[in-house]
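Visitor: Position chain S against the provided structure of chain B, taking the given hints into account.
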Amino acid sequence: MTAIHVEGLTRRFGDFTAVDAISFDIRKGEIFGLLGPNGAGKTTTISMLSTLLEPTSGRALVSGIDIRADQDGVRRSIGVVFQDQSLDEELTAWENMDFHARLYRIPKNVRDERIGELLRLVELDDRTDSLVKTFSGGMRRRLEIARGLLHEPEVLFLDEPTLGLDPQTRNHLWDYIRNLNRTKGITIILTTHYMDEADRLCDRVAIIDHGKIIALDTPDALKGRVGDDVVTVTTPDAARIATEVTAPWIAGTDHHDGEVTIRLQSAEKHITELIRTFGEREYEVTSVSIRKPTLEDVFLHFTGKTIREEEATGPNRLRMKMMGRRH
Amino acid sequence: MDIVYTLWLRSIKRYLRSKSRIVGSLGMPVFFLLALGFGLNAVVRIPGGTGENYLQFIVPGIVAMSVLFTSVFSGIQIIWDKQFGFLKETLVAPVSRLEIMLGQTLGGATTAVIQGAIILVISLLIGVRFTSLAGFVIAFLFMTLIGICFAAFGIAIASKMEDMHGFQLIMNFVVFPIFGLSGALFPIESLPEWLVPLTLIDPLTYGVEGIRYGLLGTSAIHPLVCLAGIGATTVVMIVVGALLFRKASI
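Just so you know, the protein sequences line up as chains B and S, in that order. Per my numbering: the first sequence = residues 1 to 327. Per my numbering: the second sequence = residues 1001 to 1250.
Looking at chain B on its own, in the form it has when it is part of the complex (with noise of 0.2 Å):
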C-alpha cells in the first residue's frame, strides 16, 4: 500500500530549481525521512505536498489523492507540524487544540474527549489552561504534534520536528514519533538535517541535496554502501594518501579538509598493513581511527562534501532566502 507517490516533482522560483523532479514511494506505516542541509529542498517539498505551495510541474498522490485535483481531499487526510512554531502564543493549550478540532470540523461529543486523550498523551495535561507563551520549546513541539494528530490523519509530515530542542527533549520527541508510528499505525514522514535522527528513527531515508534526491534507501544499506568499516585519517598529505593508497580490500576513498575516508570490509584485519603502508611511503599522519559508518560519510560520498559545508555553500544561502526565513 502506497501512502504517497511523488512523480517528477519540481518547483522553480524563478530562475532557480528548489526541487528538481524528484520521484518517489512512501508504503503505508512507514517512517520516511528526508535529510539534506538547509535549504536542499526539504521544507519546499513539504509545503507542496501539503498543499501549500503549487508545484511547478510532476504529479503527487498523499493517500491517494491528487494533490492538484482536491486540495481540500488532502487537507484533511494530513497533519502538518511545520518547521517555526505556528501556535497561538496568546491561547491555551486547550484552546489551541479546541480551535484546530473546530477547523476540522471535529463533531463536540468527541472533541473534548480527543483533546483531553492527546494532552496526556504528550504529557500536558497538567498545563492545558497554561499559556502557550509560558511553554519551552519541547512542550511547544509536542503540543504541535498532539494538535497535528487530532483529525485522525493518514499521513503526518513533520518538518524538522527536534530542530533547536535540547538532547534528552529529542530523544523524548524520538520515542513519541515511534510510538505513534507503532501503535496508530500513523505514516510519518520528516525532514530533518540531523544524521542521527534520520538513521536512528526512519525505516527508509532518501538523502536529498541542490533538489535532487541522490540516495535512498533503508540508513543500513545507505551505509552498507559505504563500506563496513570507515578508516578515518587526519593528515596534511590527503590529497596524496586519497590517490596513491589502494589495495583489493579498499572499496573506495575521499579526502576532504585534511582527512582522508578509507571504506573497506574488516578494517581490524587491514589496519596494521595500512599504517605500515603510511610508514613506509612516509605520510605525515597525525591520527587514525576506526569506526563503522554513519549517514554522514554516506552524504560525504554521494556528494564530495560534509552536510555542514553544504549549509554554508552560497546557492543554499540564495535558496534560504528565496523561501524567507526558513531556517
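FYI, nobody ran anything at the bench for these hints, they're computed from the structure. In this text, a Cβ means the ideal position worked out from N, Cα and C, and glycines have one as well.
List of simulated lysine-lysine pairs, DSS-like, C-alpha gap at most 30 Å:
(1) S:1013 to S:1247
(2) S:1013 to B:108
(3) B:212 to S:1247
(4) B:292 to B:212
(5) B:184 to B:108
(6) B:133 to S:1013
(7) B:305 to B:269
(8) B:212 to B:305
(9) S:1019 to B:133
(10) S:1160 to S:1013
(11) B:108 to B:133
(12) B:292 to B:305
(13) S:1160 to B:133
(14) B:212 to B:28
(15) B:28 to B:184
Computed footprint of chain S on chain B; a stretch qualifies when at least three of its residues, placed anywhere within it, have a C-beta under 8 Å from a C-beta of chain S:
(16) 49-61
(17) 88-95
(18) 101-112
What follows is a set of in silico ranges between Cβ atoms, one per label pair, in the way DEER data are often shown:
(19) B:128 to S:1021: 23 to 31 Å
(20) B:16 to S:1246: 22 to 30 Å
(21) S:1225 to B:128: 49 to 57 Å
(22) S:1176 to B:185: 53 to 61 Å
(23) B:15 to S:1192: 48 to 56 Å
(24) S:1096 to B:15: 26 to 34 Å
(25) B:113 to S:1132: 47 to 55 Å
Guide: Okay, now just chain S, sitting in the frame of chain B:
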C-alpha cells in the same frame, strides 16, 4: 459558518486577554475627545445653528476614529500570524480562505465596535447627552459597517505586505488621511470648496455622518446616503480583501 465563528472566537479571546492593548488604543481617542472637545468647546461654534456644542459634535468623530484604527490594526494583524507561523495552521486546514478572511474580518470588526462603544460610554460619563435610544441603534449600525469595512481593508493591505515595516507608512499616509478628511473633527459644510470632493470620496465621511445622525439627530449628509456610501464601500472592501487574501503567499 462554524469556521467563521472559530476564527471570530479566537479574535475575541485574544482581544479580551490583551488588557494593555485595550487601554492603550483608547489613549489617543480619549485624548482627542478631552483636548479638542473641552479645549475648543468654548471657541468653536458649529454653523447651521442646530444647537449642539463642539464637544457633542466630535463625539461621533472620535467614536469613528476609534473603530477605524482598531479595525485596520486588527486586519493588519494577520501579518503577525504570517510571521509567527500561525497562518499556516489555518491555511493547511480543509477550509476555504474566504471563511478564514470573513472570520478574521468579523472578529476585527467586533473588537473595533467594542472600542467605539467604550468611547461612547466615556463621553456619556463626561456629560455628553444624546437624543434617543433608537439613535444608538443607528450609531451601532454605522460603527459595525465602519468596523467591517476597515478590517477587510486591513486584511487586503496585510495580504500585500511582507512584514510590519510598512505599517507606519500605511498609518501615516492612508489611515490618518482617511480620518483627517472625514469630517470627524469639523463640519464638512464649512470646508473650502476644493476640499469637499476629497471628503466625499472618503468612505469614513459617510460613517461619521451616519453615527452623527444617530447620536445627535442631525447630519450634513442624508442618513440613507450615508448608509449607501459606507455600505457599498464595505461590500467592495470585503470582495477586494477576499481576493487579495486568497492570492496571498505565506
